[in-house]
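Q: Residues per chain, in single letters:
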Amino acid sequence: MIKLINLTKKFGSFTAVNNINLEIPFGQFFGFLGPNGAGKTTTIKMMTGLYEPTSGDIFLNGSSIKKNPIEAKKKIGYIPDQPFLYDKLTGREYLYFSGGLFKIPQNELEDKVEEAIKLFELGSWIDKRSENYSQGMAQRLVIAAAMLHDPKIIIIDEPMVGLDPRSASIVKNVLKERCKQGAAIFMSTHILHVAEELCDRIAIIKDGEIISDLSTEELLDSKNKYNGKLETLFLDLTN
Amino acid sequence: MSEFIHILWYKLKSNLKLTVDLSLQGIIKNLGSVLLYAAFAIGAYVLTHSIIEYLLKEAQVGMFLLHQFLSMLLFVFFVTVNLGNVIVSYSTLYKSKEVLYLFTKPVSFVNIFMLKFLDNFFYSSTTLFLMGLAVIAGYGSYFSMPFGFYLVVLFFIFIPFMLISAILAIFILFMLVKIANRIGVTPVIIGLVVSYVGSIYFYFKSVNPYKLVDEIMKYYPHTDQYFEMFMPSLFKYLPNHWVSEFLYWTVKENYSEASFYAWLLITVALFLFLVLFIVGKSYYRKSWLASLEFRFFNKKQIHNKQVIFQKSTILQRQTDVLLKKEFLQFFREPSQWLHLAVLVLLMLIFAVSVSRFDYNYEQPFLQSVTYVVIYLFTAFLIASMAIRFVYPSISIEAKSFWKIKSSPLSIQKFFNTKILFVFIPIILLGIILSIFSSWSFRNEQYLLYFSTCTMIFVTGALVLINFAGGSFFASFNEKNPIRIASTQGASLIFLISLVFLLFTAVIISTIALRYFEFSHANKIFPHSIMIKVSLLFAGLAVVISAICYFIGLKSLNRDFK
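As given, the protein sequences belong to chains A and B, one line each in that order.
With the working numbering applied, the first sequence covers 1 to 239.
With the working numbering applied, the second sequence covers 1 to 561.
I should point out that these hints are in silico values taken from the structure, not numbers from a laboratory.
C-beta atoms are modelled at their ideal positions from N, C-alpha and C, and glycine is treated no differently.
A few of these clues could be false.
What the hints assert, rightly or not - Covered stretches of chain B, going by a simulated chain A footprint (3 or more residues, C-beta under 8 Å): (1) 325-335; (2) 392-401; (3) 532-542.
Given these sequences and hints, build the entire structure.
A: Quick look at the structure:
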């Protein structure tokens with residue numbers, strides 16, 4: 001389970017995230033929407049240990065990211081919005097490097113790497129240095145690396161950026177499958193139809209505060225009030 | 001022209017806008033930079049003044065020889081400006097995002113080219129400009145020159161001189177891009193380094209400073225003549241010679257001779273500027289397009305099937321993969337290993353040269369000065385190595401640092417692995433350099449031990465100072481190690497390293513002087529003092545290293561933006 005308790009992040013006098021409380025159980029696909037600068041990425045960066053919360057805490061499967069960051073990070077698979085890689089490493093080396101950071105035993109890792117290469121169709125590129133990769137290819141590699149240790153919590157920031165339809169389809173299928181297997185997925189996105197298609201629950205953040213948190217059924221009801229369009233609902237709420 | 005002025009105006013506006021960074025790092029960086037530049041400028045001024053005074057009053061080398069020395073220094077300066085412009089102009093003319101932006105606008109290519117050239121000239125030469133001006137000030141003040149002298153030298157001598165160097169750099173760059181298209185980038189870089197080192201070598205081989213000094217000093221004390229016959233005729237065509245001749249004749253108050261060289265510099269600079277405009281107009285766009293070939297289209301896609309990650313080691317899992325990553329990142333980046341190879345080569349040349357040095361002077365003072373100078377130069381080389389390779393090692397993670405920060409890995413382990421990767425090679429290099437450079441003192445066995453032992457501690461402290469600095473001022477937006485090593489933060493850390501070396505020099509020189517005094521009096525210098533001083537060094541190095549380690553580690557825990 002992912003738990004965000006009174007989570008706040010301030011940069012000087014600016015409050016990027018203001019007292020957020022959320023609980024995402026295992027097996028739920030959670031969509032986190034909001035306009036630019038609303039606080040989505042800041043929230044994710046706190047969840048993954050890139051930012052220190054100003055106050056409040058985040059619990060990832062019971063481990064506090066503030067008090068026990070290493071234990072907490074063991075449980076997550078993080079996919080950032082921009083897939084920055086070590087460009088002098090090949091795709092395969094990057095996968096082994098990632099597996100090593102999560103202390104996956106060497107013999108187990110070899111099988112997992114081969115599996116990931118097949119699943120994300122990285123075959124012809126895997127031994128080339130990632131400096132030659134397109135954004136979509138780099139994104140596929142980052143997702144493959146994030147799944148190596150079978151995380152129970154997956155945190156994704158804009159997963160479809162730069163992906164071609166085929167790659168997008170692979171990624172969507174993998175995420176759906178992981179969710180079915182019981183993983184809690186926290187996904188931030190701008191693409192409303194992706195959120196609609198994948199998520200069981202959608203929250204909208206604006207100016208650092210959650211202004212809406214709806215389950216699929218509630219979302220359907222609300223949408224109906226806006227000609228059945230999530231876009232109209234989103235625009236109305238965030239305007 | 002209006003288009004050119006329009007863009008220039010907005011570029012100036014944007015560059016002149018002051019941004020005040022009130023963060024701790026920002027304040028330290030800015031204060032440090034002001035201090036550093038002021039220290040360099042004052043240092044260059046005082047040094048120039050003192051050297052001229054020494055050469056003319058103490059050594060009595062005469063005005064001609066003094067200006068020949070100046071000409072040699074100006075040659076090195078010219079080559080430095082030239083090389084700096086080749087490197088920076090490659091980024092500004094070919095890789096800049098601003099160029100890409102302007103290419104999509106209805107702006108003529110020649111305007112873009114000239115704008116970027118000026119951009120590049122002022123950006124890459126600012127520090128050298130400052131240094132040059134400080135030297136001119138030191139020179140002028142020694143000869144009590146009037147205020148007008150400085151203006152004339154600045155606008156009609158110094159700027160044309162640097163402009164000639166910068167323009168030639170662009171021609172060289174155009175040529176290099178053409179060659180790189182045919183044979184690839186790596187051979188071109190190697191060729192470039194060899195050519196520059198070679199040009200300096202052949203220049204000094206032809207000038208032969210030792211022979212020049214010998215020939216002229218035969219006329220002692222009548223050294224204040226114009227010894228034209230000792231001047232290699234080829235060098236009369238070099239701009240460094242024109243500048244030194246201008247200064248020589250100005251001080252001699254022979255203004256007609258001096259003005260000839262001023263006109264020569266101005267005319268050549270203007271002519272080259274005109275040629276640059278014509279070449280830029282017809283060739284820049286073509287050259288930019290050609291650069292795409294080797295930058296993108298013809299770029300060899302390297303396959304690395306040998307996966308060192310698959311091989312298990314005795315190391316702990318995370319340390320193992322971090323070290324392997326460091327190794328591959330370093331040795332797959334040509335700017336890293338090439339630069340390392342060149343620096344190590346130069347260091348070895350230095351070490352071998354000084355190992356044959358004869359220090360058997362009559363006076364213990366001269367012996368101790370020789371010893372301290374060699375020791376300090378060795379330490380200075382290590383400090384340079386540290387600023388170039390240790391300081392950038394954290395920032396070089398660049399945007400990929402998210403992977404480390406979001407992994408179940410303690411930052412301390414990451415930090416320790418980074419230190420481990422550079423610490424051992426640099427310590428080894430420090431020991432080798434120290435032994436070689438103190439080899440001429442091998443008969444003074446204990447002094448050799450003392451040098452090597454203290455050098456290990458000095459090296460260790462320098463590595464940690466640079467690590468802490470690199471971590472404190474870490475900027476993950478730049479992944480080019482050379483650029484990281486030339487930021488404001490890096491300059492400040494280099495200054496701190498120099499202060500540390502200054503402190504070292506005080507202790508070392510005291511010991512060395514006493515040692516040689518004892519030696520001249522046929523007495524044995526008490527070894528216990530050397531051991532105590534070595535222990536003092538060890539203690540100091542450990543304290544400095546511990547403080548730096550703590551600062552570096554704490555800095556890495558801040559938010560990764």
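Q: Hints first: check each against the structure and report whether it holds.
A: Structure-based check of each hint:
Remark: the region 325-335 of chain B is confirmed as covered by chain A, as 5 of its residues place a Cβ nearer than 8 Å to a Cβ of that chain, reaching the required three. As drawn, the region 392-401 of chain B meets chain A at 3 residues by the rule of a beta-carbon pair under 8 Å; at three or more, the given contact holds. Requiring three or more residues with a Cβ within less than 8 Å of a Cβ of chain A, the coverage given for the region 532-542 of chain B is violated, as only 0 such residues are present.
Comparing the model with each earlier hint shows a violation of hint 3 alone; every other hint is respected.
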